[in-house]
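Participant: Sequences listed follow chains U and F, in order. Numbering (my numbering) for the first sequence: 193 to 743. Numbering (my numbering) for the second sequence: 406 to 900.
Any given hint could be a false lead.
[To be verified] Just so you have them, the derived chain F footprint on chain U, three or more residues with Cβ under 8 angstroms: (1) 270-279; (2) 353-364; (3) 372-380.
Source of the hints: derived by calculation from the structure; they are not laboratory data. C-beta: ideal position from N, C-alpha, C; glycine also.
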Amino acid sequence: MNFDPIILTLILVTPLAGAILLALIPEREDSSNGGESIDSKRHAIGALVITLLTLLLTLHLPAHFNYHAAPHTYQFEQNLPWISSPAIRYHLGVDGLSMWLIVLAGFLAPMGVLASWNAVQRRTRLFYTLFLLQQVAMLGIFVALDLFLYYGFWELSLVPMTLLIATFGRTENRRRAAIKFFLYAFIPSAILLVAILWLYNLTGTFDLPALQALAGAHQIAASPTALLLCSIAFLAAFAVKVPIFPLHGWLQDAVTEAPTAAVMVLAGKLGLYSILRFSFGIFADQSRHVAPLLIALGAIGIVYGSLIALIRTDLKKLAAFSTLAHVSFVVLGIFTFTVLGMDGGIFQILNESLIGAAFFLLLGLLYERYGTYEMRDYGGLAARHPWMATMFVVTSLAAVGLPMLNGFVGEFLILSGTMQSVVIHHVLWTTLGATGVIFGAGYMLWMIQRVFYGLPGVRTEEVQGWDLCGREHLELWPFAALFLIMGIASPLWMRAIDTYGAPTATANVPSGASPSAKITIQIHSAPAVADSSLARNSNITHLTDIRREVR
Amino acid sequence: MSTNLLTLLPELILTLTAVLVMLLEPLLAAGASRKPLGWLAILGSVGSGVAALYQLRAVHALGPLTGFYGTIQVDAFSIFFHLLIASIVVTTLLASLDYFPPDQVSHAGEYFALVLFGATGMMFMTSSVELLMVFIGLEISSISTYILAGFRKGRATASESALKYFLLGSFATAFFLYGIALCFGATGSTAIAAIGAGMAVTKTPLFGWLAVGMVLIGLGFKVSAAPFHVWTPDVYQGAPAPVVGLMSTAPKAAAFAVLLRFLFEAAPTDRHHWAPLIAILAVASMTIGNLGALLQSDAKRLLAYSSIAHAGYLLVAFTAPEPLAVSAACFYTAAYAAMNVGAFVVLTQLSGFSERLRTIDDLTGLALRRPGLSAFMAFFLLSLIGIPFTGGFFGKFYVFSAAVRSGYTWLAIVGLANSGLACFYYLRLLTALYARPTADTVGDSPTPRGISVPAGLALIATAAATLLLGILPNRILSLTQRAAPATVAQCPMQR
Numbered sequence: 193m194n195f196d197p198i199i200l201t202l203i204l205v206t207p208l209a210g211a212i213l214l215a216l217i218p219e220r221e222d223s224s225n226g227g228e229s230i231d232s233k234r235h236a237i238g239a240l241v242i243t244l245l246t247l248l249l250t251l252h253l254p255a256h257f258n259y260h261a262a263p264h265t266y267q268f269e270q271n272l273p274w275i276s277s278p279a280i281r282y283h284l285g286v287d288g289l290s291m292w293l294i295v296l297a298g299f300l301a302p303m304g305v306l307a308s309w310n311a312v313q314r315r316t317r318l319f320y321t322l323f324l325l326q327q328v329a330m331l332g333i334f335v336a337l338d339l340f341l342y343y344g345f346w347e348l349s350l351v352p353m354t355l356l357i358a359t360f361g362r363t364e365n366r367r368r369a370a371i372k373f374f375l376y377a378f379i380p381s382a383i384l385l386v387a388i389l390w391l392y393n394l395t396g397t398f399d400l401p402a403l404q405a406l407a408g409a410h411q412i413a414a415s416p417t418a419l420l421l422c423s424i425a426f427l428a429a430f431a432v433k434v435p436i437f438p439l440h441g442w443l444q445d446a447v448t449e450a451p452t453a454a455v456m457v458l459a460g461k462l463g464l465y466s467i468l469r470f471s472f473g474i475f476a477d478q479s480r481h482v483a484p485l486l487i488a489l490g491a492i493g494i495v496y497g498s499l500i501a502l503i504r505t506d507l508k509k510l511a512a513f514s515t516l517a518h519v520s521f522v523v524l525g526i527f528t529f530t531v532l533g534m535d536g537g538i539f540q541i542l543n544e545s546l547i548g549a550a551f552f553l554l555l556g557l558l559y560e561r562y563g564t565y566e567m568r569d570y571g572g573l574a575a576r577h578p579w580m581a582t583m584f585v586v587t588s589l590a591a592v593g594l595p596m597l598n599g600f601v602g603e604f605l606i607l608s609g610t611m612q613s614v615v616i617h618h619v620l621w622t623t624l625g626a627t628g629v630i631f632g633a634g635y636m637l638w639m640i641q642r643v644f645y646g647l648p649g650v651r652t653e654e655v656q657g658w659d660l661c662g663r664e665h666l667e668l669w670p671f672a673a674l675f676l677i678m679g680i681a682s683p684l685w686m687r688a689i690d691t692y693g694a695p696t697a698t699a700n701v702p703s704g705a706s707p708s709a710k711i712t713i714q715i716h717s718a719p720a721v722a723d724s725s726l727a728r729n730s731n732i733t734h735l736t737d738i739r740r741e742v743r
Numbered sequence: 406m407s408t409n410l411l412t413l414l415p416e417l418i419l420t421l422t423a424v425l426v427m428l429l430e431p432l433l434a435a436g437a438s439r440k441p442l443g444w445l446a447i448l449g450s451v452g453s454g455v456a457a458l459y460q461l462r463a464v465h466a467l468g469p470l471t472g473f474y475g476t477i478q479v480d481a482f483s484i485f486f487h488l489l490i491a492s493i494v495v496t497t498l499l500a501s502l503d504y505f506p507p508d509q510v511s512h513a514g515e516y517f518a519l520v521l522f523g524a525t526g527m528m529f530m531t532s533s534v535e536l537l538m539v540f541i542g543l544e545i546s547s548i549s550t551y552i553l554a555g556f557r558k559g560r561a562t563a564s565e566s567a568l569k570y571f572l573l574g575s576f577a578t579a580f581f582l583y584g585i586a587l588c589f590g591a592t593g594s595t596a597i598a599a600i601g602a603g604m605a606v607t608k609t610p611l612f613g614w615l616a617v618g619m620v621l622i623g624l625g626f627k628v629s630a631a632p633f634h635v636w637t638p639d640v641y642q643g644a645p646a647p648v649v650g651l652m653s654t655a656p657k658a659a660a661f662a663v664l665l666r667f668l669f670e671a672a673p674t675d676r677h678h679w680a681p682l683i684a685i686l687a688v689a690s691m692t693i694g695n696l697g698a699l700l701q702s703d704a705k706r707l708l709a710y711s712s713i714a715h716a717g718y719l720l721v722a723f724t725a726p727e728p729l730a731v732s733a734a735c736f737y738t739a740a741y742a743a744m745n746v747g748a749f750v751v752l753t754q755l756s757g758f759s760e761r762l763r764t765i766d767d768l769t770g771l772a773l774r775r776p777g778l779s780a781f782m783a784f785f786l787l788s789l790i791g792i793p794f795t796g797g798f799f800g801k802f803y804v805f806s807a808a809v810r811s812g813y814t815w816l817a818i819v820g821l822a823n824s825g826l827a828c829f830y831y832l833r834l835l836t837a838l839y840a841r842p843t844a845d846t847v848g849d850s851p852t853p854r855g856i857s858v859p860a861g862l863a864l865i866a867t868a869a870a871t872l873l874l875g876i877l878p879n880r881i882l883s884l885t886q887r888a889a890p891a892t893v894a895q896c897p898m899q900r
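Next comes chain F alone, as it looks inside the complex (with noise of 0.2 angstroms):
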């Protein structure tokens, strides 16, 4: 096989897979079950995920792949986040699986693919080293996810959710195309490396830092840090649950890891200019986040604003030297994913499509009706809480040592204050949960049904691997060490 082939493997299975699913969807009739549809969309996913581990022994041995001109570069960092972003459409597919009611089955075919189209952007976004490709990997990964925001047609928050999304979300992609350009008037070019080298002997270092700022607001709308964050409530809210879960982690991840790659190697100067601006922007991330999820009753809208919160954690580790940064922060994206994927998983069991119980009040008293899911969702919020022996314990570990071992002590004394902080909210949901449930609430509910079998397996595995991330993270902690320094390759570049 070509190395070119081979570097972009995984997102050519989920190309592949997802045109599959298109066109098989006319083919079914109108009414009936679009599941298979769904499993083939799995398969391919998994499929994808199997391809990145392939690439790792390939890695293993020759060392990083380039291909396409120097543009596509797969090495550890780019396979952890393939392997990431597999995982969670992995775990989001089979929550959706039976997500979408008897009348609502026409679209879930494109559903599926919209979502595979989705992750090949986010993959390719992670393994691009140009930054024109990452561009077009970012505006693959938004339209899908644009569309899926959307989904549950002819409500208002769903108009609402996507049409705010991608009003804000084109605005933030022009300015991260802005930073391409001046990068390119910095320095002639827009490989990462390139530009890399070039900051150093620019004429115009001015160029560079307004490049350094414009790809931060860009990108820092994508992984929704404050204050860029506005968009994030709102869209939650409206948007199915299920694409919740998945649009607050995967793109997030591979849009922390443009912005580690772009940090580290193409940045003009030394960490210590621009940390003190990631230190600002985490700082605002995790106190509004924190201090707007106090005041929420609806679920989504508190996941919302925890995720913003969330968010401003990983920024921290942000400020340590380059190996350290790069391994707590992939880390922390590996356990907030699972985490935060899982309690979405919880979301969508519970009222399915409708999502009728949405208000922390209409969960009260849920642990008696439905012991099993209430047990996950305490523990997915234990470990957004930080609750040691989870995963959510450990990335906050790592991400505060990063913080601490780089002499920003100041920083992990306000991030550790406003997790303490955050356990109010999260405690008001989990507490409610175990409450005794008040006449109005989910004790006159219908009789809600049972966890479908593939959610099932999706919250077993979500919870399994927040466990394991906070019990025995040695291995997925020497895959990050591994993916540690995130330097590209200096290629001859063919323009």
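This is chain U alone, in the form it adopts within the complex (with noise of 0.2 angstroms):
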């Protein structure tokens, strides 16, 4: 049976039909647990039944994709009419950019459902219904080709968020943070709905091909500062997601409170992927006008958020700038419109996601074992928790770049990219956002070194932790297998994502910049970066691409 035309609909629908379930099974309590008398797993197990099965059903997708496909064109696509007037469509897709990004939300949401096997004890019937319903709205974001419908989720994707930090918040302040955090997106989402109404009354069409195919054609008739403005403001709703460097406020509050599973998916992956799809898809020319500014934004990321990083003794909050730094990086790589930038940014934002929640994922274990995320609290911890030692400085070397794990190439292409950027400042501001490598290294080894080497800390002192159990190891094994795998074998991914990247980043090169002389940039490049297998390897499918685009 021909599963295409409909797996996209059963990716959703799995995960909805789940939260639905979940949320009419009664909750019981289990008081076999000593005195205290605590929820049955039965809604954990249900979660990761549902969870699982959605993981199976992504998979469909990199098993049956054609990697043969003309650019800018989608797969898996099911269109069908949903509302006449104003005429919005049930349309979605797939494409190199998206489909990882399926795969790797299909699998952290497994990974978030067992790092809050024991976290979360009480009122599981709500958190597991929202973080399924979480998951919905995650995976809608990257399907919808209709930009009705991505709104919905976009928006939608807020509300079990703000929940799961209100209710399932750390602290005192998790009311405050989870409002923050609404606020903070919901408002410039306002605009962004404005924005699509305007882009609606010029075009008469939501869906996102047609756009691209208008917008490619310059047949939107608006002046050129109408179509900037507007571009803004899709650019600014996503910035703020991602967040991109002024518009952080929300992420130290949010990560600071939001339980693990939810921090696991928090940030990055879903601003970053909305710009690559509607920003750059729809407003190609105005993208490529304000990537200056962008660039110089990642850059100044990279270096305050690494800053900020050093001197946190918070875990969290530390995490959370580390956060920034990582998403800095991307923007810094898409916006150069080089191929190797696009392609190391895409294949960054998988590496970013998976590294920040295998992070945060230690993060939550020590804090449940020892309560507390404060740094100097802990010490000498290497002894007592040899594979938890061995697990955070493996995800700590894949963070800082360590060429063999997934962190170097992505981190690796991202500046060759930028260095190859025809504008002499770009060169300034990648040499700048490079320190970020150093600072970066720093407050992970840092880190590691003050939790778990040196003198016993206060905290370590007065609770008797314990390794790894089972279930843990079950987690975080993946999370290794891939650091590597990602690191050794990246033309795996790349194959796809170069579907993507490298036609967004030639496509309607501006004037300056000829495809020829891009193809000598490339050229020039290869001796540079033979030094790395694997970069040639993916450099090589770009060439072929190129020569591809330009015949």
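If you follow the hints, you should be able to join the two separate chains into one complex; please do so.
Facilitator: As structure tokens, this is what we get:
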């Protein structure tokens, strides 16, 4: 049976049906665990089954993906009329950009459930229902090709997250953090809605491929200024969600408060994907116009995030700012509009999400044992928890970009992509941004040193922790394995990413950089990256693609 | 059946049922439950809804029906509002059936009758195309709601509520009447179609302008648009919760219907002259409503300010050209009715007649005690915020897209920024529902009773309506689009 036309709907419906099902199953108090009465595990088990099922369904996509499809086309499409006037369609589809992100979202969900297994013991029904709804909204964002439908999922994604933070947050500050998170995201989204309506008024369609075609042929009848403002409205809404440097005010509070499973999916991929899909898709020229600004903000974000992370002693706050630095790296990469930068940026979204998720997961494990995120309370844990220390080190090394691990590939491609940029000040900003790699290594290794080595801390002397248990091994090994596989076999992912990255980076090349000039740049840069066989591999893919393009 | 009777069929059914309820009431023993009367009233309002559907069939076949010398016109537009008002009334009655405690039950019969009389007036407003008839409908509906507002007798807030509503309401009605007089002065007629024709050739256009202003003030009061909103929070706070659900939606729907007909059919010259005025009212209502709500701790007052803001969003639709404006405004009215009545049904069920649980602090941690009720409340609040896949979102969507399409992009930006502001207070309530209870809140209140079955029905109906309006708006949208030209047929007036 051919699942292709309905697979995306299945991917959306499975967690939705699961959420409804879990909401209907009553909670049962289970008082077998000592005197404390806690919920039985039935909701957790249900959520795990559903998320694993979703993961299986998402794996259908890479298995049946057509790598030779024409650029700017979508696969596994489903396109049904929904509302006749205004013309809104139920249009889903996948391309090289979104495919691995969907699998990533599918992968992180069961990990999130496992991470909450013991961490969430009360109101499990509410927790897992919201968690699955969040999953629906995220997957919806990745597959929606109708602007209206996309906007629906985009707004919807705020609600479960807000409630998760407000209800399951760590400190008394949780409700404030939740409202802050919601307002930060909602107000720019409201402006985004105006921009979408304005665009609809001009073109009469919400359909992304149609809009892309119109924009590509410069057939949207509006003044350049109006279009630029419209593109900025899009970009601003997405930038808050990423977050890009001056718009990161919500991040620290939300990260500090949110439960582990929620924080694993909080930042990064939704916003970055939206920029790539909608800002670059519809406003290719305008995005190039504002690119210098965004490159500067990206570089500043890297340095700023890293410097703040250096002085934070609260582990979650440190993680929040390291997230800011990492997503800024992606911003730096994609806005160079070079093939290397674009591909590296997209690859780095995957890396950042995985590394961030693993890092937050590990922090959650520490918190379960010792009940604090304060670095000064820790110390000397490596002797007691060798496995956990190993996992922390592996994750940190992936984050700082050790060769052979995935972080290296992404960062290397991004930096080499920006260095190739024809604009001189891009190179200057990249030089600034590259210092972030050093700071990044600084705060991560420093953190490891303080938590795992040295003298035992106050808290670690008081409380007797335990090393990883079976379930926790099950959570962490897939991450560690992926770090390594994505580090040495990146073309496996690059192949799909490149079908999106290369055409997007080279399409509508602004005057001054003809396609042939691009190729020269690519070829000249080839020896420079020769020392990395992986990067060269992916580079060759680019070259063949570009040649095809030119022909 | 004569056309005259057919045009007033839903109103007639309501009136007869209300009279019947009044007549049967004394037959019941003093302490006996008044629930049978409530069911009778529900039956009557369902009957009026069915009658409206019957009218729709006739309109479908014959075109707009007129009656009583052209003062009543039944068309898709009026039938839409009839159906809406009938649904609101049915929901309110369902929620009120178990609202009265045993010691207050003696007034329940009057209550049901008054709700029906009020609904009669509102329906009458939407099908009248003659301003004096509109005025009669307005008075019938207003007087009933004045009484209903003070129904929790013996409480200071209830008396304040009724008195304030009555005094300011009468004041506003006078403005409306003055507007009618000025229309007559300018054009020599009080029929909407004749006014529209007369305004084009009148020798005293100033009268026309003043008339528009006066009518705007009068109806602006009824829909609680700023700056005519000051009564709203106090009245809503003191009135019984099911009545607030009713009067924050049904009379407003009727007033908006009149405003639509008046502005698009009777107002002088084209809309570009009065649309900016409406835009100012809209901005003021949205901003004042939302800013006011930020500071509220009482759930009913909060929803009162939110209803001011929603009146502002609705007014945004009036800046568009006629078909667009009418269909957007109709849709928004329906969506707002579903979610707001739903929210008030939840409040009705929280602590019943005593309304002990009033403030946001009282509601903290409600989800632990009553997960079902909290889930409903959360859903209605999300719809009020305008989260996609709810009626509230589509309502905002149509209203603001109407504004963008008619060149009022700035108004859409102000409106949507306002809806961002509004999240703050809705979320305060929403997150409180799901927060952990603190010692002195809902935690140590006596175990609340369950949801009564009719109220449960009302909740399910409003939630289903809110959801359907958000997911499959096609059906209702096609009805509003059919209602779209609110054109009043030019009938020979017999004076």
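Participant: It remains to establish, for every hint, whether it holds in the given structure.
Facilitator: Against the structure, the hints:
1. 270-279: holds (count 4)
2. 353-364: holds (count 4)
3. 372-380: Answer holds; 4 residues pass the 8 angstroms Cβ test.
In this structure, none of the earlier numbered hints is contradicted; all agree with it.
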